[in-house]
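Novice: Listed below are the residues making up each chain.
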Amino acid sequence: MLRYLKPAIFLGCLAPLANLVWAGLHSQLGANPIEKITHSTGDCTLTFLLITLSVTPLRKLTRQFWLIGVRRMLGLFAFFYGTLHLMTYVWLDKFFDVHEMLADIAKRRFITAGMTAFVLMIPLALTSTKWSIRKLGGKRWQSLHRLIYFSAAAGVIHYIWLVKADLKKPLEYGSVLGFLLLYRLIGWAASRNVVAAKATVSQE
Amino acid sequence: MLIKKAEAIRSSEITPQSLYLNRRKFLHGAAITGAAAAAGFGLREVALPSATVLAGNKIDGIKKSPLSTTETVTPYKDVTNYNNYYEFSTDKEGPATLAKNFRTRPWKVKIDGLVEKKEELDIDTILKMASPEERIYRHRCVEGWSIVVPWVGFSLSELIKRVNPTSKAKFVEFTTLLDMTQMPGQQRPVLQWPYVEGLRMDEAMHPLTLLCFGMYGEELPNQDGAPIRVVVPWKYGFKSAKAIVRIRFTDKQPQNTWNISAPTEYGFYSNVNPNVDHPRWSQAKERRLGEFSKRPTLMFNGYGDQVASLYSGMDLKKNF
Chain A
1 MLRYLKPAIF LGCLAPLANL VWAGLHSQLG ANPIEKITHS TGDCTLTFLL
51 ITLSVTPLRK LTRQFWLIGV RRMLGLFAFF YGTLHLMTYV WLDKFFDVHE
101 MLADIAKRRF ITAGMTAFVL MIPLALTSTK WSIRKLGGKR WQSLHRLIYF
151 SAAAGVIHYI WLVKADLKKP LEYGSVLGFL LLYRLIGWAA SRNVVAAKAT
201 VSQE
Chain B
1 MLIKKAEAIR SSEITPQSLY LNRRKFLHGA AITGAAAAAG FGLREVALPS
51 ATVLAGNKID GIKKSPLSTT ETVTPYKDVT NYNNYYEFST DKEGPATLAK
101 NFRTRPWKVK IDGLVEKKEE LDIDTILKMA SPEERIYRHR CVEGWSIVVP
151 WVGFSLSELI KRVNPTSKAK FVEFTTLLDM TQMPGQQRPV LQWPYVEGLR
201 MDEAMHPLTL LCFGMYGEEL PNQDGAPIRV VVPWKYGFKS AKAIVRIRFT
251 DKQPQNTWNI SAPTEYGFYS NVNPNVDHPR WSQAKERRLG EFSKRPTLMF
301 NGYGDQVASL YSGMDLKKNF
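Residue numbers (the working numbering), protein chains in the order written: chain A, 1 to 204; chain B, 1 to 320.
Among the hints, erroneous ones may be present.
Claimed, not checked - Reference excerpt, derived from the structure (chain B facing chain A, CB under 10 Å, subset only):
id, residue
1, Pro-75
2, Ala-262
3, Lys-294
4, Pro-296
For the record, the hints were derived by calculation from the structure and aren't laboratory data. Every residue, glycine too, gets a C-beta built ideally from N, C-alpha and C.
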């Protein structure tokens with residue numbers, strides 16, 4: 001099933017980009033196309049990060065174990081849209097002015113947060129291959145890939161610090177992320193309890 | 001960048017007297033033309049630089065103004081579909097549809113505070129106070145984008161002179177309509193409603209400060225602040241209050257909504273100033289809608305020759 005589903009999901013993940021390109025070619029990007037491109041690639045990045053983080057809970061809750069097979073692709077799409085988002089900033093907003101960008105990163109906390117979110121995704125994208133998992137070993141690979149929690153959190157903070165007054169959308173992303181992290185926290189606490197219980201049992 | 005000084009008025013640009021005398025016709029037939037517009041008769045092409053279809057009621061007898069810039073006017077479509085008007089929506093494309101049925105008649109503007117006679121002026125009385133002028137101004141948003149708009153109105157000083165503020169009046173405060181049934185954005189406490197803004201008296205009396213009721217030769221579209229707003233071209237756009245229902249004269253500096261919302265980010269003065277960054281972004285450059293590259297932002301939005309003297313001796317970093 002995954003063999004047919006994967007290409008379909010791949011195409012689906014490209015739909016936001018296709019939509020943006022189509023709108024651009026038909027002058028449908030509104031009065032400020034560059035702003036529209038910046039905002040929609042940013043939205044896509046956060047959305048794909050959250051979708052990627054939903055795979056594990058969804059897999060466990062629905063017992064659809066094949067879902068793990070698409071997680072890497074979803075994560076790489078988050079990185080892909082994050083790269084496009086960064087490129088709109090580097091090219092269309094700053095026109096490759098390195099000096100201005102460095103000043104921005106140092107001075108503007110929403111840029112600092114956004115850059116952090118992006119930088120944290122880089123090692124994850126680089127170690128997304130099967131070869132990397134083997135090389136690093138499952139445990140180490142897994143702990144490295146927990147960086148996605150911090151990347152997503154930095155992404156939400158980036159959005160919160162960016163808006164002028166209306167926090168509705170960033171807080172929507174934030175609450176979804178909150179639930180996804182809470183799920184893991186509960187799972188982690190529960191497994192610790194089990195370990196602790198086992199330890200007590202063995203002592204007795 | 002070179003900002004051309006406004007040219008003297010050419011005789012060809014002076015409106016014929018017959019047209020000038022007819023300028024009030026539009027005020028009378030508002031209901032009839034409104035109905036016609038609704039029926040689709042009001043739609044017509046007007047040969048503007050952007051060649052767009054306008055849909056409002058034409059304002060007759062508009063005089064050109066030497067205060068206008070000669071820069072390329074931003075297309076009507078962009079100015080009417082890209083609005084920061086949080087009373088309707090925090091989404092810039094929202095106000096165009098959400099303001100469609102906004103009622104601009106009947107409309108009264110309360111004049112109070114330090115004036116000789118407190119009164120309620122009917123919008124149509126205000127519109128007759130002086131003859132309409134077209135003022136093509138640069139308009140710079142605090143977010144870093146800008147437009148060039150052919151506003152229609154007359155200097156706010158024309159109204160102020162007629163309502164006789166007392167000598168104690170040092171500031172003017174503008175209040176936007178509060179009506180959450182008509183302005184759905186007010187149902188959420190994104191900002192403190194109603195929206196208030198203010199100017200120092202000398203700023204309000206400056207000839208550039210426009211009491212505005214039209215643009216592109218027509219009545220102001222609802223999403224751009226109908227039926228009446230101010231336009232203060234050397235300040236960031238949020239200083240130019242829309243849909244005004246109250247003008248109050250006071251001896252104390254009035255509060256302004258964005259300053260209440262984020263005091264470290266938006267000051268009372270909010271003069272366009274490329275040297276004073278917004279805490280979260282640089283103000284050195286701006287993107288003119290329709291242009292790919294950014295252009296440098298000019299001190300006082302390019303109106304320094306006219307307004308810099310208002311602030312001589314003031315620390316504009318402190319009084320941002």
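Novice: Tell me the hint numbers this structure goes against, listed in increasing order.
Specialist: 4
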